[in-house]
Amino acid sequence: MRTLHLKVLRDLARLRGQAAAIALVIASGVLTLVFSVMGHDALSLTQERFYAERHFADVFAEVNRAPRRIADPLREIPGVAEVEPRVRAPARLELDGFDDPIRGQVLSLPDGRQPALNQLHLREGRLPERARSDEVVVSDGFAEAHGLVAGDALRLIIGGRLVEVRVSGIALSPEFIYQVSPGHLMPDYERYAILWMNESALAAAYGMEGAFNSLSVSLQRDADREAVIDALDAALARYGGTGAHGRDELFSHEFVTLEIQQLGMMAVVVPAIFLLVSAFLLHVVMGRIIRGQRDQIAILKAFGYGNLAIAWHYVLLTALIVLAGSIAGIALGAWTAFALVDLYMEYFRFPELSFRLQGWLVLLALGVAMVAALLGTLQAVWQAVRMQPAEAMRPPAPERFGRGWLEGSALMRGLGQSSRIILRNLARHRLKSLASVIGIGLSGGLLLIGAYQLQAVSHMIDQQYRMTLQMDVDVAFTDPVPPRVAGELRHEPGVLAVETWRSAPVRLHAGARSERIGLLGMDPEPRLRRLPSAQVGETGLPTAGVVLTDYLADQLGLEAGDALEIEFLEGRRRTVTTQLAGVVDEPMGTGAYIRRDALHRLKGEGPAVTGTWLLVDSEYEEALYDSLFDRPEVASVERVREAEANVREYMEETVLVFAAVFVLLAGSIAFAVTYNNARIAYAERERELATLEVLGYSRAQVSWVLLGEIALVSLAAIPVAWASGTGFAWLLNQALTLEFVRLPFVITPQLYGFAALGIIMASTLSGLLILRRLRGLDRVQALKAAE
Amino acid sequence: MNAIVAPAAGSGRREVIFHASGVTRVYRMGEVTIQALRGVDLEVYAGELVVMLGASGSGKSTLLNIMGGLDTATAGEVRYRDQDLAQASERVLTTFRRDHVGFVFQFYNLIASLTARENVAIVTDIARDPMPPEEALALVGLEDRMDHFPSQLSGGEQQRVAIARAIAKQPAVLLCDEPTGALDSQTGIRVLEVLAHINERLNTTVAIITHNAVIGEMADRVIHLRDGRVDSIVENPQRADPATLRW
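As you go down the protein sequences, you meet chains D and F in turn.
The opening position of the first sequence corresponds to residue 0 in numbering that gives the first Met the number 0, with each subsequent residue numbered one higher.
The opening position of the second sequence corresponds to residue 0 in numbering that gives the first Met the number 0, with each subsequent residue numbered one higher.
Isolated chain F (complex conformation) (with noise of 0.2 Å):
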């Protein structure tokens, strides 16, 4: 039912870190019912950089949400590794998050009245063997800008600091949604390099979910959602260098 291109081969030597199969989603917002997710199957492989193509209402968001277990399938299956997310009770999914994802999210979500370093520790305290928010901070290129308020900080910063704050606990996932659509181009695509020298560096897998196909150029794979399914997935030979893109 869906076009999906076969992967390239070896890729069944990958290790599978998503898997999700028959995934619906059912919301009420006021009082219109909205169908986000209308049966998607999926597979995302550590260490791989997968970019989430989709227009807007296309169930990306939901997807993303749903495999950082932020939110619940309403029919489907979830796996993480081995966990099961879809039938995860609240608790299960709260030590998930903690020990496993780390988030970014469009507007990055800091907290105001915390600096860049204490937003970055805000998750490193509760997190199981986490780098130094110090380090962590260098990673994304704000070690001088570690004592700043949000309010301090250029938007760009402040996605830097929401990187380096999901990435201090070393998750073993990353999901961006929309990182670099509140930004800039070039502020974007500073962001973006930083997430792909993370992916290499660390060898974190990392879901980018956009509505800005060419940002697909530096991703091993694209998946192409519409109106709640996977349209199809396109494999990048060769994935490109962020600071090449252009938009």
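Extracted from the complex, chain D is given alone in its bound form (with noise of 0.2 Å):
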């Protein structure tokens, strides 16, 4: 047996072209699942453990002002564990040598001692001291945008006084993994902080000494949410609650668990395609590699190797293969993954990465490798050992070849003897040919929904920034305003249109579900943010009923027409009822519409804005930001090409992190897979090259018989990379529609040409490699040798 096993090594070294495309194949597979779910296991554990650790709170409540002393009670709610009371405050901040404005939210600290709730995570430095008024801890993302470490002096104004503090420390929060200011999407760390300062004097400064405004619950197991949130709110609402609500409504944990969700779906199809279209190649090729070995196998048996001695033989070739393809992939995708959630750790502030590769991951790897290419070999080796050895050794008898329907054709007549031969070789090995056909068609539509990726996101961030949010800055006010006031940056320097918007905090309810969402009240015929939709067209907003996003609407279980219950969450919290109108196609977040006067006469309350879009002439951006960030009243200002910009980094860096993966894997399995069937159509011709050579035929007629027939398969495969392409990216979009983006289901031409460049580049480069070792054909060995 010694030798058999020696022979499975100088097989591998002799057919190493074939084993490293094979290897390749099996290690594109191996990585995408390794990568994607190791990617996703590792943040999903990071942000488990984070929770756990900081004591993440499960329902949070915000009131205008509530006495401290109503605290107490609430833990007497049934399922509650744990009450945290806080002050929250709005702060601008002023740091030396920054001259933007900075915008921030300060959070009270129990005095000297990390809350039971939410508890700070220090990466420098310490809590302010217990009698300090003047000590800060600043989130770590803008303290490392401005390079702050501990002692740096800061300014704070809060509720219009001046507050001189210093860094006694820089933290990360479990409330604040992703942070962004109200409204936003992205994050700007320059320009947005999160602070903690001792109760007392933060209560001090924001006048709500012996009140609190926030306060944070944690939940016993088993608890029963919704009650507790009930009783919440019935506690809160005469203090001006505007509704408690789960952790899931909290914008950093809603945001970066849909991520995680998104990243937990990708890990499922995108592996599951890679690894279904791997599976089938590595049957196909490992196939008819064995089938090439079929008069080695036939010497075997002659010597006395039994069936069993052979297949094993065999077997360990394959594994061979398919083990170094899969420590290769495994290797690669724990490498990816790594640099993936590194990426995100740029987005997302956890304090440390909880990394693991999971032994079932390796296993269910290799095993999929393993028994696809199995399949595969012993397949074709059960073929060969059936045969009777004398048999297997005769050389094969001529095909049979049929005078079909091709034969009549006027094709067949016009074509001259050469390419005659490729048409009745593919005629002939039609099962073969199709599986070939099959197998570069799915590898081009691997290379499709790579590119589909890039360029769904990319279509989706144009749809959303450049059709549908048409303002150049977007103003929010601390507080509800008189439209007038709103009228008076009309005024302001470069502005060219003002548009003004009232949002309202409401609960949407359609049946049992309900949803909160901000009521977005704007002009009949908003200009300055259009509404993309069929129903809504350009006409403007309907008079009555409100516009929801699509996926809002299905989220509610709502079409047009369907009467809907509005909760207002502030004001005089009236509960209305009134219809759906209509739902904007929306690509990206959700919203809900109404005409400002409609929002005004449900709320019962006169006309007032809190923001106000505007069109600025660029030549006076700067000194209208200056002026802007002056006025008290101004809460943030947003510039939408900016804001444009973030998300794209931001999705250039995770989602196209993953297509170019993608891309990359596929052009290298296009590749793989049309080498090794350029390969193994050499080794089955070689005889018959020999002889037309022989015979008198010129080296190109006899390359282009074997170069046609590789040039037909791979134009063949291009409609099979089309079709297959265009369902796994179906596939993929329906996986990853999720609350914050919704990827458009757009195939257009160029996706289509990508995917056959992928192919013809791959099958040149193939057939380059092959026409090189034609040259190297010796026509006297390949004749006697052997079939």
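No lab work stands behind these hints: they were computed from the structure.
Residues from chain F that face chain D, not an exhaustive set, calculated with beta carbons under 8 Å:
{"id": "1", "residue": "Arg96"}
{"id": "2", "residue": "Phe102"}
{"id": "3", "residue": "Asn108"}
{"id": "4", "residue": "Ser112"}
{"id": "5", "residue": "Ile121"}
{"id": "6", "residue": "Asp124"}
If you're wondering where the values come from, they're calculated on a predicted model, not measured in any experiment.
Note that CB positions come from ideal geometry on N, CA and C, so glycine has one too.
Both chains are sitting in their own frames, so use the hints and assemble them into the complex.
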């Protein structure tokens, strides 16, 4: 048996090109699996551990002002484990050497110690000392953006009062893993900060002595969360509660969790597609390699090797290739997963990354690759050993070529001999040709989904920022203001157009389903913020009823015309019934829209606005920003182009890393498959090609027999690539439809072109490699060798 | 029905190693049905060197393959000593080939990825009582080329490796299918000398099939095949030394 093992190693060396190509296919399939599963696992594990370690609260509630004494009785609500009242204050910051205005929120800490819930993870320094009112802990993203260290000075403006403080520490909080200012999608660490200071100091500065305006609650195991929320709402309503909510409505948690979910979906769909394709290719390619060893199998049988021993020999050969591919795939997968998660770390502020390679994943990756390859191997070995050795050693009988429909056709008559050989070969080996076409087509399909992701993301951002959001600047006010205040902005430098909006926190109810959202009251025909929809069209908002993002309408189970209940979470806290007037197709975020006058009517209040959109002459931009930031009623100013750039950067760094990895892998697979296909076609035809040469055919004519076949198969594979790629893209699209981002299902001609080009390039490269081999063809040797 | 020349006096005492009677073999090649053997009756004796002569298509290779357990008869009786080969299972045939038969093929059929020594070792690995591969290679005069790969050996050398591979397990029977078919006459004679040497030295029964009538002169008996039948069997009173053969 030893010598047979030696043969395994020697065969591997001899088949190294093909073996490497197969290992590449395996490595690619395994890599996607390990990459996505590990990336997903690392993020969710990191989140889970951080939450547990830092006692992340389960329920949050905001009020205008509630006396501290009412907090303790809230602990008696059944299901409540811990209650942490605190003060939350909006603030402006000033930092020497940084001219742009900085916004932030300051949260209170029990004097000199960690709170019971949402504890800080100190990256540097310490908490403010017990008796000090001039120390703050700052969020690490902000500190990093400005190079702050413990001891640095800051000026805070809280409730109109200037407070001079020093940084005592830099920290992370489970509440702010994803740190964005309200209403924004992407973090801006330079201009937005989270700070923590002693409660006595913050309460004094913000006029909240003996009171709180924010509440965190943790639940007992098995608690009824909804019942707790209802009880809290009842207790806090008279203090201006805007409705308690679970952590799932906290933006940071929601965003991180959805990103993890998205990774989770990708981790199922993409590796499944890749592994299925790899499995198919392995099956086909290993089968063909083994069939090429038919004579060797016959010799081994002639010597008295049993079928099992022969099968084991080839199993070993396959297993070694699979093992090499899998190990490479696991190592590269882990490495890319690490790189991906590292990228996320720029956006998600976690203290440390929990990263692990789970045993089941390794086994799954190895198992899938092994089973796929062995199926192909054993099927071919079984066919070979079933033959009488004498029969296997005889040159195969001339294959049966019939005069099918192809023969009579004008096509066939018009072709030269060598082209006829190609067509007859393909027609004769219909199954084998079909397998090659499907194999190459599937690899082209993989190329298509990789490119699809790239394009869909870009398309989605275009749609959002170029079609929907037409304003240059989005200004939000701290509190509702009379429309005339917004009107004043028209006189600011460089302002070309102003459109005002009113946002009101509401809970939408449809049957048992409900969703918390900001209801946006707009002009009847908003020009600076379009509503892309067939129903709404360009004509603007309907006079009555609300318009929802189609995804939100689906979540609530509503269709246009259905009744809908709006519970206002501020002011008189009315609950009114209206109808869903229409839906808009928005790829990013969710929204609820209504005419501003209708909103006022439903809410039972006079005209008021909470923000404006501006169209700005870019020449005056800087002067405008300075002026806007000086207005006390302005809470935030968002430059839309900047936001777009941030979103693009985020997408490029996360989704596109995925996509780029896939395009690279799909390209490798496409090459590996076409190369193997060409290599095997060469081996199968070597004798025939030598014969043609001896008969006086030129090298070019002989090459055409081989290359023409490769070219035809590749061309036939292109429609398969288009069909399978479209299918894969649809699957991926379904899997990635989540609350923040819904990739549009747009397959453009460019994508088809990309997939086709990929296949053609892979085939050309393979063809060139085979041509080199063909040049080295030893006619005499090839003819003398027994088949 | 077949013109069988009676064996020489005293042959009755000889041990019959192969017995075939009424052997037929039909197979399909592509779209044609080929009747390769049409009722062969034959006996091969222990320790003799027989040459089976016949034109292309006479059925000689098919007969050899059936004797060696590489193929099975469509009908008829085939026995190796007391063992029935006609009804044997795949498993039994595998064991039979492993334990009793050595093959030499026209195109050597060496495994390209293994050296001469390893090509022999692949058989000795599974044999019951093999000689060391080195000894087998020395027997065929290749002690100096043991670590060469097939591609580094001449045709004659490759065939001698194939012979070494066949004899290394010390088989009772050596079956050679056109062993000189791919070689020039001088190299061919060198190979035949090796076969004769093995036959004499190890007392191995050797059956050589060829279409080259000259080779018949070195045999104890020459069996002529024609159209799938034994046409005649000629016993040589005196075996010729392969070195004296010319073609």
